[in-house]
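Visitor: If you want the building blocks of each chain, they are given just below.
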Amino acid sequence: MSSLSRFASIRNGESLKTSQIPEIPISDFRSDILKMISSGKRLCALILNGKEKKPAGLLSVLADDAEGKLYLNSSEPVSSYPALTPDLPQAHLFEREIYENSGIVPEGHPWLKPVRRKPADEVVFFKEEGEEIHEVAVGPIHAGIIEPGHFRFQCHGETIHHLEIQLGYQHRGVEELLRKADRFSLSIAESICGDSAIAHGWAHCRALEALQRISPTLKAEVLRAILLETERLANHIGDLGAVSGDIGYLPASAYFGRLRGDFLNILMLISGNRYGKGFLELGGAAFDIPPQMRSQVIETLQRAKRHLNEIGEMFFGEPSVISRLEETGVISQKVCADLGLVGVAARASGKNLDVRQDHPYGFFRFRYIPTVKLTTGDVFARAMIRFLESQRSLDFLSAVLDSLPEGDLTVPRGKILEERLSVSLIEGWRGEICHIAISDAKGKLSRYKVIDPSFHNWMAVAMSVRQGEISDFPLCNKSFNLSYAGHDL
Amino acid sequence: METLIFIPAVLFFLLIMPPLMLGLIAKTKAFVSGRRGPPVFQPLHDILKLLGKGAVYSETSGWIFRLGPVISLSAVLMAASLVPLFGAPLISFNGDAILFIYLLALGRFVTILAALDTGSSFEGMGASREAAFSSYAEPALILIFASLAIHSGSLSLNRMFSSGQRVFPAASVLLAGSGLLIVLLAENSRIPIDDPNTHLELTMIHEVMVLDHSGPDFAFILYGAQLKLMLMGVLWIRLLSPSWAANPFFLTLSLCGLAIFIGAIESSMARLRLIRVPQLLIAAVCLAAFGLILAVR
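Quick note, the sequences are listed as chains A and B, same order. For our numbering, count along the first sequence from 1 and bump the result up by 655. For our numbering, count along the second sequence from 1 and bump the result up by 1264.
To be clear, the hints were calculated from the coordinates, so they are not data collected in a lab. Please read all numbers here as calculations on a predicted model, not as lab measurements. Ideal Cβ positions, reconstructed from N, Cα and C, are used throughout, including at glycine. Hints may be right or wrong, so weigh each one.
Claimed, not checked - Reference listing, derived: stretches of chain A covered by chain B, where coverage requires no fewer than 3 residues with Cβ under 8 Å from a Cβ of chain B:
| # | stretch |
| --- | --- |
| 1 | 788–800 |
| 2 | 902–910 |
| 3 | 971–979 |
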């Protein structure tokens, strides 16, 4: 294929010299991306390739999930260009972000609004008019203990015609803080989204390790994988509990909630806190699992496995639960592909997408976790995926903990090499986390970009409730359980 | 002398029993979930606490909003005086069954008005749901009362639900009883129709209408709702076992049993999807209608 030659290709967690990335005119940049997408690639990232000013070049990262390769290309500096979104809906939020951060105008973008830097009362919302149409505004302050976000519904009776989600209340300037790459960086990366501390922390470590061209020991890779899967278990099971709570099925809500505590406690045991913060270290891991602790963890896991199966059987065996979850909040396979969904949401809509399988990293290169795919795309599928993945992760943990390798926890750190770019993908419990780091001629970071799975998936929440009941919205929202902080950065 | 004891006893019962039933439901649900749960008198304590607080009123709401809780509580209290608790009701006359239904409707009507008065989109949504669903629940209740009126030959709750003079066909009692149970769960926003514990405004039916009330107003609303649950409970128990229910001790015991039963229902299933609620209520109407057919046959 001719357009392939105008892309640089790397594998997940590798770096390359920035000069190796072809810089081509914007029209070629645009048509090359569209060609690649039509041949089955996926848009991982579309970002500014430099400082946040006009004019600047664009940089795209495309994932070839079948081959396990990432393709990069970049454009010459532009101050406006014909938008990709009309031809490539999955680019819609990336282009809005580019416009907001730099002023570069994607011409013909259907809904060019700020992404995160303006509060909801300063932006325009899509509005339906008519005698029986009514508007419901929810948030940014919510009844539960959740993050702030604004939801604007256009309803006809109980039916939702349109939902628009405006976020940005959690914008902290994370990327700029990470660009400084000082001793606080890892803590900041762990706090990008508090429930994915390990996943984001690991993605950050790998992005910098790739720039320094160091690789952790097998021991550290195994430990990192153990923590990541424990984090996945805690969150998947917590989500199942939250779904039970939303439909008013109390016993399962309470049991799942307690079970989540078991996994948080394992993280506590290993790292000293319930979210695993401080466990990762650049070049390895900070803590080992000594033999005595290991047997304690294995024992907890065995008990948890038994309980998970019992509670799962109770929850998924209850007819009133099934009838509530099935055919609620459906994301069709077409919508899923158009929006470029990732993670649990994609796997529930028939897209077998998992970074651990497609772009294996760390210990997942040696030990494979089978992925789960369902096709119905409803709340039931998203809940079921969480349950099945939890079982797979438990199997993985028991197998790996049986034989921990020997070795050092960390390797010596290096220096960030000049003028390189690294891409690091991690399958967090929500889905694909992408960190991109670019270094300048002095070996400092010139740009750091974070893409949380929520950034890809928020639009799916809006699509899943369209033509649905407004009373089903909380359940649909919970079935995705996306991060506000991860989106807002 | 007997009335001197009887009236205070009834008032005491009306004051204590409704919050206690709510406490027992919460305790049952907590027990099934493996938790300890709040003390059984927590709902009573909450009401007393709210009575001692100030109320906040939105600038957009007017006098209807302030009047709503007062009228709705008075309506339920008046309804309470028509229901035979132990022995005869405080007030009884031929036709009070119809007044009972209208009083419940009045309470709902002013609650809906107060909700609309806030101008909030949430409360408007709740008001529309409440109005829609009660238009199914009310016919069911009317049909059940009609079949009981035919059996007992009277339109007074005291005679319709009282011991002694009647032997209803078992089938009729069964049909009316199942219908009344569904109406009871629906009228009192219990699972599977509504979820009284949820914090998700978009899914609520009854709770979302009273979000803006606070302090004593909210205490009135809570107590009114609890009282309504108890009254429907008393009618249900009297329907099933009229001869024993006149005994105060037995009535108390069976109301506690009913509370535990409701707690068990709530713990054993998920909520219905909102569009399915009318189907369940129509089932209640059908049950009641078949009961009526049996009665006039």
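Visitor: Indicate, hint by hint, whether the structure satisfies it.
Guide: Going through the hints against the structure:
Given a C-beta distance limit of less than 8 Å, the hint that chain B covers the stretch 788–800 of chain A holds, as 7 residues qualify and 3 suffice. For a cut-off of 8 Å, the count of residues in the stretch 902–910 of chain A with a CB near a CB of chain B stands at 8, and the three-residue condition holds. Here's how the stretch 971–979 of chain A fares: 5 of its residues keep a CB closer than 8 Å to some CB of chain B, so the rule of at least three is met and the hint holds.
Violated hints: none; the structure is consistent with every hint.
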